[in-house]
Amino acid sequence: MLTVGPRAARLARGAEAAHHSDFPVVLDVSLAGRADLAKHFALSAALAAAADPSIGRALGTWKELDDSLAGGSGFSFVDLAADRAGLRLGEAAADPARAGRLASRFAAGAPDLLPLSTLGLTEGISAEVFERRYRDISSAEYAAAVARVDRALDTLPVMAR
1330 MLTVGPRAAR
1340 LARGAEAAHH
1350 SDFPVVLDVS
1360 LAGRADLAKH
1370 FALSAALAAA
1380 ADPSIGRALG
1390 TWKELDDSLA
1400 GGSGFSFVDL
1410 AADRAGLRLG
1420 EAAADPARAG
1430 RLASRFAAGA
1440 PDLLPLSTLG
1450 LTEGISAEVF
1460 ERRYRDISSA
1470 EYAAAVARVD
1480 RALDTLPVMA
1490 R
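1475 is the number that my numbering gives to position 146 of the sequence shown; each next residue is one higher, with no gaps.
Calculated from the structure, these hints are not laboratory results. Idealized CB from N, CA, C, for every residue including glycine. Be aware that one or more of the hints could be misleading.
[Said to hold, decoys possible] The list that follows gives simulated cross-link-like pairs (lysine to aspartate or glutamate, EDC-like), each with its CA atoms no further than 20 Å apart:
hint: 1; residue 1: Lys-1368; residue 2: Asp-1395
hint: 2; residue 1: Lys-1392; residue 2: Asp-1465
hint: 3; residue 1: Lys-1368; residue 2: Asp-1357
hint: 4; residue 1: Lys-1368; residue 2: Asp-1381
hint: 5; residue 1: Lys-1368; residue 2: Glu-1420
hint: 6; residue 1: Lys-1392; residue 2: Asp-1365
hint: 7; residue 1: Lys-1392; residue 2: Glu-1460
hint: 8; residue 1: Lys-1392; residue 2: Glu-1452
hint: 9; residue 1: Lys-1392; residue 2: Glu-1457
hint: 10; residue 1: Lys-1368; residue 2: Asp-1441
hint: 11; residue 1: Lys-1368; residue 2: Asp-1396
hint: 12; residue 1: Lys-1368; residue 2: Glu-1452
hint: 13; residue 1: Lys-1392; residue 2: Asp-1479
hint: 14; residue 1: Lys-1392; residue 2: Asp-1381
[Said to hold, decoys possible] Estimated spans, in silico, between C-beta atoms of each pair:
hint: 15; residue 1: Ala-1473; residue 2: Ala-1439; range: 29 to 35 Å
hint: 16; residue 1: Ala-1428; residue 2: Tyr-1471; range: 20 to 26 Å
hint: 17; residue 1: Ser-1467; residue 2: Ser-1433; range: 35 to 41 Å
hint: 18; residue 1: Ala-1473; residue 2: Asp-1441; range: 20 to 26 Å
Could you put the whole structure together from the sequences, leaning on the hints where they help?
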């Protein structure tokens, strides 16, 4: 069962109000040249800033596991990297002690938000292959793969913790 707190409820009310406003609905946004990565990043950042990063982590992992099922695009560590990058940005933006430093980095120019090295991570992993390689998301093999993603994110100044 998934429950949300008051911060998530405020976010939902804001989304409803935005739906009825006059600002543009369609934006061409991409991250590393991919619109899907921008969606992963933005949703994760919003969840981390307005609710709880653990919700974003759980939803990002769930979505990739769902993608690994028949008819899906396959589990993607590239998508997971975009999720985790967004979570880091959202956490930093919501933390008063880190938000100023983050704003300064953006004021200095558009920072890299996703290391190019993450674009070479494995994608299109079926459920069968995922189970063979990683067993499940609590395995040491999966934890090592996620740790590789996190180490790549650590290389970007804007993602520094």
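Hints versus structure:
1. Lys-1368 to Asp-1395: holds (17 Å)
2. Lys-1392 to Asp-1465: holds (14 Å)
3. Lys-1368 to Asp-1357: Holds, at about 11 Å.
4. Lys-1368 to Asp-1381: holds (18 Å)
5. Lys-1368 to Glu-1420: Status holds; Cα separation ~17 Å.
6. Lys-1392 to Asp-1365: OK: Lys-1392 and Asp-1365 at ~13 Å, within 20 Å.
7. Lys-1392 to Glu-1460: This hinted pair holds, its Cα atoms lying about 16 Å apart.
8. Lys-1392 to Glu-1452: OK: Lys-1392 and Glu-1452 at ~13 Å, within 20 Å.
9. Lys-1392 to Glu-1457: holds (16 Å)
10. Lys-1368 to Asp-1441: holds (16 Å)
11. Lys-1368 to Asp-1396: holds (15 Å)
12. Lys-1368 to Glu-1452: With Cα atoms ~17 Å apart, Lys-1368 and Glu-1452 stay inside 20 Å; holds.
13. Lys-1392 to Asp-1479: Holds: Lys-1392 and Asp-1479 sit about 19 Å apart, inside 20 Å.
14. Lys-1392 to Asp-1381: Holds: Lys-1392 and Asp-1381 sit about 17 Å apart, inside 20 Å.
15. Ala-1473 to Ala-1439: 29 to 35 Å: Holds, since Ala-1473 and Ala-1439 (Cβ atoms, about 32 Å apart) stay within the stated range.
16. Ala-1428 to Tyr-1471: 20 to 26 Å: violated (32 Å)
17. Ser-1467 to Ser-1433: 35 to 41 Å: Given range 35 to 41 Å: holds, Cβ gap about 38 Å.
18. Ala-1473 to Asp-1441: 20 to 26 Å: holds (24 Å)
In summary, the one numbered hint that this structure violates is 16.
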